[in-house]
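Colleague: For chain X, the structure is supplied; the task is to place chain A on it using the hints.
2 protein chains.
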Amino acid sequence: MAKELTSRSENYSQWYNDLVVKADLAENSAVRGSMVIKPYGYAIWEKMQRILDDKFKETGHENAYFPLFIPKSFFSKEADHVEGFAKECAVVTHYRLKNDEKGGVVVDPEAKLEEELIVRPTSETIIWDTYRKWVQSYRDLPLLINQWANVVRWEMRTRLFLRTSEFLWQEGHTAHASRKEAVEEAETILKLYADFAENYMGMPVLQGVKSASERFAGAIETYCIEAMMQDGKALQAGTSHFLGQNFAKAFDVKYLTKENKLEYVWATSWGVSTRLIGALIMAHSDDNGLVLPPKLAPIQVVIVPIYRKDEQLEAITEKADEITKALRAKGISVKYDKRDTHKPGFKFAEWEMKGVPVRLAIGPRDLENGTVEVARRDTLEKDTLRMENLDEKIENLLEKIQDNIFQKALSFRESHTYKVDSWDEFKEKIEAGGFVWAHWDGTAKTEQKIKEETKATIRLIPTDGEKESGKCVYSGNPSERRVAFAKSY
Amino acid sequence: MAKELTSRSENYSQWYNDLVVKADLAENSAVRGSMVIKPYGYAIWEKMQRILDDKFKETGHENAYFPLFIPKSFFSKEADHVEGFAKECAVVTHYRLKNDEKGGVVVDPEAKLEEELIVRPTSETIIWDTYRKWVQSYRDLPLLINQWANVVRWEMRTRLFLRTSEFLWQEGHTAHASRKEAVEEAETILKLYADFAENYMGMPVLQGVKSASERFAGAIETYCIEAMMQDGKALQAGTSHFLGQNFAKAFDVKYLTKENKLEYVWATSWGVSTRLIGALIMAHSDDNGLVLPPKLAPIQVVIVPIYRKDEQLEAITEKADEITKALRAKGISVKYDKRDTHKPGFKFAEWEMKGVPVRLAIGPRDLENGTVEVARRDTLEKDTLRMENLDEKIENLLEKIQDNIFQKALSFRESHTYKVDSWDEFKEKIEAGGFVWAHWDGTAKTEQKIKEETKATIRLIPTDGEKESGKCVYSGNPSERRVAFAKSY
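As they're listed, the protein sequences go chains X and A.
Heads up: the first sequence begins at 1436 in the numbering used here, then just goes up one per residue.
Heads up: the second sequence begins at 1436 in the numbering used here, then just goes up one per residue.
Treat the hints as calculated values from the structure; they're not laboratory data.
This structure is a prediction, so every number in the text was calculated from the model and none was measured.
Among the hints, a few may not be true.
Given that identical chains are not distinguished, each listed pair holds provided it fits within a single copy or across any two copies.
To be verified - EDC-like mimics (lysine to aspartate or glutamate), calculated; alpha carbons at most 16 Å apart, straight line:
1) Lys1568 x Glu1462
2) Lys1482 x Glu1497
3) Lys1854 x Glu1901
4) Lys1817 x Glu1749
5) Lys1754 x Glu1823
6) Lys1522 x Glu1545
7) Lys1537 x Glu1518
8) Lys1512 x Asp1535
9) Lys1522 x Asp1856
10) Lys1886 x Asp1859
11) Lys1568 x Asp1489
12) Lys1626 x Glu1493
13) Lys1854 x Glu1866
14) Lys1512 x Glu1536
So here's chain X without its partners, still in its complex pose:
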């Protein structure tokens, strides 16, 4: 362990790759593009799941489970969807293996499927095929359903958490009696995602909608939250789609209105994935390792004993157990690291690498003085605190850390946000990294040109911002509002 991370300034990309492995979060598997999520990384995902799942349920959603496999023909039913998703997919063609002469196994050519099955890249098609049976009248609406699942999109260039062929996510799929209600649902979920990103992940996000070319395949409108990473690149952290009646029409899902008329149902879908763990890492961590916001840290406090003799350890352990009990009573997760196989310095570095928000160190002198050494992971500051009301002090400190992590990320974003009106400055700021707010003439052609010349894409078009007349930074044509450009993950 110890500090063997590549530094961010030296090679940001390598820093990230090193960190994911050294903090024991995930690793590549024997299957190209598929990762193994290790227990420490999975514990972060479980925390995310629990918080999001509670929020989904509070807003009236229920969980269900739909099949992993989707008949190939389903993908051709929605014209835009087929373009976007029926491409880089895992295709199941056979359902049996048999032994060969050499003691191995081969695919049994007799067991070929009549119609190939696609491992779901997303589930709109199979779910809307099901909703046809579930929806008859307005009484059956709204359907507010979510599923936690694995999905597969064959990727040629993969990176742990950020882009893997298989990933874990949640996908919400809702059905409504009116356009208005469906749009409200998509917006409600966007706000829920933004709240999660900011108040739990400590990661400020911009909210808005995608340009037509960046929309989800089959959506009328794609709402998104966008975060800024420490290298000045944007990362899309969640999307919520208003799908109009596209899928209802493709899968013939109609309902009888109160007025006894048959109408197509309105739809939304929305999701966040294990990609959020990648975002969490890149938003806050430093050259010493992971920095985790307390609300998502699997271990919030680690206690390390400092001792030479076994009697000292015994006395320290007694005190550590007392502290542990008091902290746990406040719902704080604590680990007491009394491994005798490693020195304190090694342990300090290890827990720093793993991003534990608060470290307590207790030595014989602390016992004498009634004190404890407290180290903050976010600022790396140390302090000596008196034992009295330690649980409350730590509770306050964790809140302070949660807040500081957010404020730090917010300051970073603000110092990397630019309003730009000239093409030269646009190119310069995009190259340096950050969100560049600029006028755009609204055409896909200009958007494409800008992308080709700078690699920047429109991250979002604000929905709540004021209009401001101006000229497109690229074409000089008139524009009604600025949009946010950035290079992105």
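Modeller: The following block gives chain A in isolation, referenced to the frame of chain X:
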């Protein structure tokens, strides 16, 4: 809705199929053999998951996630495993689709995988391939890891929950420094499963080990719990395998002992699946619908208002809200069903079908008298209770129902358990249904003959029972102990 179930006596199998659909638990999907788990069914699974997950964590296990796909060659590495699992599998051969001339999609022949990928039927191979990297010394042991995942085993004849091509499960995979520790782990988990089955599912289970021919492919010993369904068939409800060093040898996983010697690691694996929902249904339900033990019921109490006029509803709703609040404060889940689209009789039948343990009905006269009508789902008994301390009364009633459901299932099993010494009686009892304890000569040949002639299999060999000398019920050869035979799911 209403009582449209086929009765158990008329056609048990049809009763089950009807019930799964009418209680809104699951349905077949467009993909042959894959089910859709509907919100009400999934809510039961979520309850099961939460309870089991807590128990796994209390016993030191952590969750992780391993790839869905397994390279085909991995299956040939463990000789017994390949026989058992590399057969009816979903095989991924391609990774891309392309548009055809007719607006559809076809598999791109250019995008053929060099080595086919198998959709995991179980994950021993990919996990032990990973453990090779994780285990170097005794300090890395034990590894106590579980994953919640979907798996696929291609099935020709499927039934909702009981046998589907895709199902959800948890699979634990542990690595240990000694045979003793691994055996203890397998036994610990068996006890954990038995505790869950009996004290949460209300389903009494027998515990023991499988005969060699019924063992998991690659296991040295398969521990199992077996439950009795209402048609007298046994259902295997969970298995825990001691795998010896088989997978460590197949995937070359060695560790350095304290004495600095290289040794192969010892293994276990264990799992329960959504099949448990099928068991839960068949163990307790009746001709009116589902009967759920309170500890696994998504809704524990439903309140139905009985009224003619809107003013009456208002007054009842006030009281219902008060009761709801008091019950929720005790951690009891409550639904107040004030739909104005349905009559009370319809609602009663619907909640009976869905197995809600306790139904409260409140009418204007109840308000005057300070009473409420309480109906138990398990016994269908009704009672009128005074409102005072209603929360405590309901809490006690739920405990009583939980206990009664278990006792009823236990009585059923006891009245369908036989000690048999003659072949004629054996055939007769097996045909009638139940557990038949009989002597067996220990040979696979006899086991096979008995299966051919009666369809009965050895469900388990007890590990804690006393030995008893006797003669094999089929061959007459000497036997050391009785084993449990039954027809099974």
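Colleague: Take the hints in turn and mark each one as holding or not.
Modeller: Quick rundown of the hints versus the structure:
{"no.": "1", "hint": "Lys1568 x Glu1462", "in the structure": "between (42 Å within a copy, 10 Å between copies)"}
{"no.": "2", "hint": "Lys1482 x Glu1497", "in the structure": "between (19 Å within a copy, 13 Å between copies)"}
{"no.": "3", "hint": "Lys1854 x Glu1901", "in the structure": "within (14 Å within a copy, 83 Å between copies)"}
{"no.": "4", "hint": "Lys1817 x Glu1749", "in the structure": "neither (25 Å within a copy, 60 Å between copies)"}
{"no.": "5", "hint": "Lys1754 x Glu1823", "in the structure": "within (12 Å within a copy, 47 Å between copies)"}
{"no.": "6", "hint": "Lys1522 x Glu1545", "in the structure": "between (26 Å within a copy, 13 Å between copies)"}
{"no.": "7", "hint": "Lys1537 x Glu1518", "in the structure": "between (42 Å within a copy, 14 Å between copies)"}
{"no.": "8", "hint": "Lys1512 x Asp1535", "in the structure": "between (40 Å within a copy, 14 Å between copies)"}
{"no.": "9", "hint": "Lys1522 x Asp1856", "in the structure": "neither (38 Å within a copy, 64 Å between copies)"}
{"no.": "10", "hint": "Lys1886 x Asp1859", "in the structure": "within (15 Å within a copy, 82 Å between copies)"}
{"no.": "11", "hint": "Lys1568 x Asp1489", "in the structure": "neither (28 Å within a copy, 36 Å between copies)"}
{"no.": "12", "hint": "Lys1626 x Glu1493", "in the structure": "within (14 Å within a copy, 36 Å between copies)"}
{"no.": "13", "hint": "Lys1854 x Glu1866", "in the structure": "within (15 Å within a copy, 82 Å between copies)"}
{"no.": "14", "hint": "Lys1512 x Glu1536", "in the structure": "between (43 Å within a copy, 15 Å between copies)"}
Checked against the numbered hints above, the structure violates hints 4, 9, 11; every other hint is satisfied.
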